[in-house]
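Participant: One line per chain: the protein sequences are Y and R, in this order. At position 86 of the first sequence the residue is numbered 333 (this note's numbering), and the sequence of numbers has no breaks. At position 49 of the second sequence the residue is numbered 64 (this note's numbering), and the sequence of numbers has no breaks.
In short, the hints are calculated from the structure, not lab data. Be a bit skeptical, because a hint or two may be false.
The calculated lysine-lysine pairs, modelled on DSSO-like cross-linking and capped at a C-alpha distance of 30 Å, are [to be verified]:
hint, chain 1, residue 1, chain 2, residue 2
1, R, K31, R, K53
2, Y, K318, Y, K291
3, Y, K291, Y, K309
4, Y, K318, Y, K348
5, R, K53, Y, K348
6, Y, K325, Y, K291
7, R, K85, Y, K258
8, Y, K330, Y, K262
9, Y, K291, Y, K330
10, Y, K330, Y, K309
11, Y, K348, R, K31
12, R, K85, Y, K330
13, Y, K291, R, K31
14, Y, K325, R, K85
15, Y, K325, R, K18
16, R, K85, Y, K348
17, R, K85, R, K53
18, Y, K348, Y, K330
19, Y, K262, Y, K325
20, Y, K258, Y, K330
21, Y, K309, R, K31
22, Y, K291, Y, K348
23, Y, K309, Y, K262
24, Y, K291, Y, K262
25, Y, K291, R, K53
26, R, K18, Y, K291
So the derived label-pair ranges between C-beta atoms look like this [unchecked claim]:
hint, chain 1, residue 1, chain 2, residue 2, range
27, R, T125, Y, A267, 26 to 34 Å
28, R, R128, Y, Q327, 32 to 40 Å
29, R, T93, Y, Q306, 38 to 46 Å
30, R, T95, Y, K291, 38 to 46 Å
Here chain R is said to cover these stretches of chain Y; the calculated rule only asks that three of the stretch's residues, wherever they fall, bring their Cβ under 8 Å from a Cβ of chain R [what the hints assert, rightly or not]:
hint, region
31, 330-337
32, 351-359
Treat the numbers as computed from the prediction; the structure is a model and nothing was measured. All C-beta atoms in this analysis are idealised placements derived from N, C-alpha and C, irrespective of residue type, glycine included.
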Amino acid sequence: EAGVAQSPRYKIIEKRQSVAFWCNPISGHATLYWYQQILGQGPKLLIQFQNNGVVDDSQLPKDRFSAERLKGVDSTLKIQPAKLEDSAVYLCASSRRQGRKIPEAFFGQGTRLTVV
Amino acid sequence: AQKVTQAQTEISVVEKEDVTLDCVYETRDTTYYLFWYKQPPSGELVFLIRRNSFDEQNEISGRYSWNFQKSTSSFNFTITASQVVDSAVYFCALSEALNTGTASKLTFGTGTRLQVTL
Chain Y
248 EAGVAQSPRY KIIEKRQSVA FWCNPISGHA TLYWYQQILG QGPKLLIQFQ NNGVVDDSQL
308 PKDRFSAERL KGVDSTLKIQ PAKLEDSAVY LCASSRRQGR KIPEAFFGQG TRLTVV
Chain R
16 AQKVTQAQTE ISVVEKEDVT LDCVYETRDT TYYLFWYKQP PSGELVFLIR RNSFDEQNEI
76 SGRYSWNFQK STSSFNFTIT ASQVVDSAVY FCALSEALNT GTASKLTFGT GTRLQVTL
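Produce the complete structure using the sequences and hints provided.
Facilitator: Take a look at the structure:
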């Protein structure tokens, strides 16, 4: 099966500009996650969707970050305006229900954002 | 609050050596899941194993083995006879079970970079 697709792979912007990332999860995966991975750290969850509803956005800086998952498939993560500290890799992941077992998440290759 | 600690920032070994990556976790949940992921230079995180809090059996998969000890809140990962292709960053992660079949967020450690040389 095709994996999680993300675009673009790399993006360089100036601070205060806006940027958007796109994610296409694995077909049939109802849960979609956006993680932020700062260099040298583990990924940190920004937002989790179940179909097109938000499950957890407690760590999303809502004054500048927004995300949507229209029709419960593709998702877009936006940053506006960007700050220097937003430089990171943005990882999208998806998972599907597996009965009572917590499923593993499948990750895309990520978008590396550099804010200058 | 959940926390995962991977105290080893970087490990270098020579090919064919055995290496153990340590993972210590903290959680107040009685039901939780532990994961190991591999992150090669290409960037995507690759799932290696999942273990739930009620299953303390050790697991072996080829050259990989995992030792889960609830008493010490540890979930260590051993690679036997390491190979150059094992070079990557390895992450341990913790997830609580929100409700039946619903996955919660993964709380990751800071990762251990493994370098295997010839």
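Participant: Against each hint, give a clear statement of whether it holds in the structure.
Facilitator: Comparing the hints with the structure gives:
Under the criterion of a C-alpha separation no larger than 30 Å, the hint pairing K31 of chain R with K53 of chain R is consistent with the structure, at around 19 Å. With a C-alpha separation of about 25 Å, the suggested pair K318 of chain Y and K291 of chain Y falls inside the 30 Å cut-off, and the hint holds. Only pairs whose Cα atoms come within 30 Å are accepted, and K291 of chain Y paired with K309 of chain Y is accepted, the gap being roughly 15 Å. Of the pairs offered as hints, the one joining K318 of chain Y and K348 of chain Y holds, with about 26 Å between alpha carbons and a cut-off of 30 Å not exceeded.
Straight-line distance between C-alpha atoms of K53 of chain R and K348 of chain Y comes to about 21 Å, which keeps the hinted pair within the 30 Å bound. About 16 Å separates the Cα atoms of K325 of chain Y and K291 of chain Y, which keeps this hinted pair within 30 Å; it holds. About 43 Å separates the Cα atoms of K85 of chain R and K258 of chain Y, which puts this hinted pair outside 30 Å; it is violated. Between K330 of chain Y and K262 of chain Y the CA atoms are separated by roughly 5 Å; this keeps the pair inside 30 Å, and the hint holds.
Simply put, K291 of chain Y and K330 of chain Y have alpha-carbon atoms about 17 Å apart, close enough for the 30 Å limit, and the pair holds. Of the supplied pair hints, the one linking K330 of chain Y and K309 of chain Y holds, its CA atoms being roughly 14 Å apart against a limit of 30 Å. For a cut-off of 30 Å, the pair hint linking K348 of chain Y to K31 of chain R is broken: about 35 Å separates their Cα positions. Our distance criterion of 30 Å between C-alpha atoms is broken by K85 of chain R and K330 of chain Y, whose separation comes to about 41 Å.
Proposed proximity of K291 of chain Y and K31 of chain R is contradicted: the alpha carbons are some 33 Å apart, above 30 Å. Taking the CA atoms of K325 of chain Y and K85 of chain R, the gap is about 40 Å. The hint is violated against a cut of 30 Å. Distance hint between K325 of chain Y and K18 of chain R is fulfilled; the C-alpha atoms sit about 28 Å from each other, no more than 30 Å. The straight-line distance between the Cα atoms of K85 of chain R and K348 of chain Y is roughly 19 Å, inside the 30 Å bound, and the hint therefore holds.
With a C-alpha separation of about 23 Å, the suggested pairing of K85 of chain R with K53 of chain R holds against the 30 Å cut-off. Only pairs whose Cα atoms come within 30 Å are accepted, and K348 of chain Y paired with K330 of chain Y is rejected, the gap being roughly 39 Å. Straight-line distance between C-alpha atoms of K262 of chain Y and K325 of chain Y comes to about 14 Å, which keeps the hinted pair within the 30 Å bound. With a C-alpha separation of about 14 Å, the suggested pair K258 of chain Y and K330 of chain Y falls inside the 30 Å cut-off, and the hint holds.
Note on K309 of chain Y and K31 of chain R: the hinted pairing is violated, with a Cα-Cα distance of about 48 Å set against a maximum of 30 Å. In summary, the hint linking K291 of chain Y to K348 of chain Y is supported, as the alpha carbons are separated by about 22 Å, within the 30 Å threshold. Of the pairs offered as hints, the one joining K309 of chain Y and K262 of chain Y holds, with about 17 Å between alpha carbons and a cut-off of 30 Å not exceeded. Straight-line distance between C-alpha atoms of K291 of chain Y and K262 of chain Y comes to about 22 Å, which keeps the hinted pair within the 30 Å bound.
A distance of roughly 16 Å separates the Cα atoms of K291 of chain Y and K53 of chain R; the hinted pair therefore holds under the 30 Å criterion. Distance restraint check for K18 of chain R and K291 of chain Y: the Cα-Cα separation of roughly 12 Å lies within the 30 Å cut-off, and the hinted pair is therefore satisfied. T125 of chain R and A267 of chain Y have their C-beta atoms about 28 Å apart, which keeps the hinted 26 to 34 Å range intact. At about 33 Å, the CB distance of R128 of chain R to Q327 of chain Y agrees with the hint of 32 to 40 Å.
Checked against the hint of 38 to 46 Å, the C-beta distance between T93 of chain R and Q306 of chain Y comes to roughly 32 Å, which is inconsistent with it. Between T95 of chain R and K291 of chain Y the beta carbons are some 32 Å apart, a value that contradicts the proposed interval 38 to 46 Å. Taking a C-beta to C-beta cut-off of 8 Å, the region 330-337 of chain Y contributes 1 residues in contact with chain R, too few for the three needed, and the coverage statement is violated. Only residues whose beta carbon comes within less than 8 Å of a beta carbon in chain R count, and the region 351-359 of chain Y has 8; three or more means the coverage holds.
Hint check: violations occur at hints 7, 11, 12, 13, 14, 18, 21, 29, 30 and 31; the rest are consistent with the structure.
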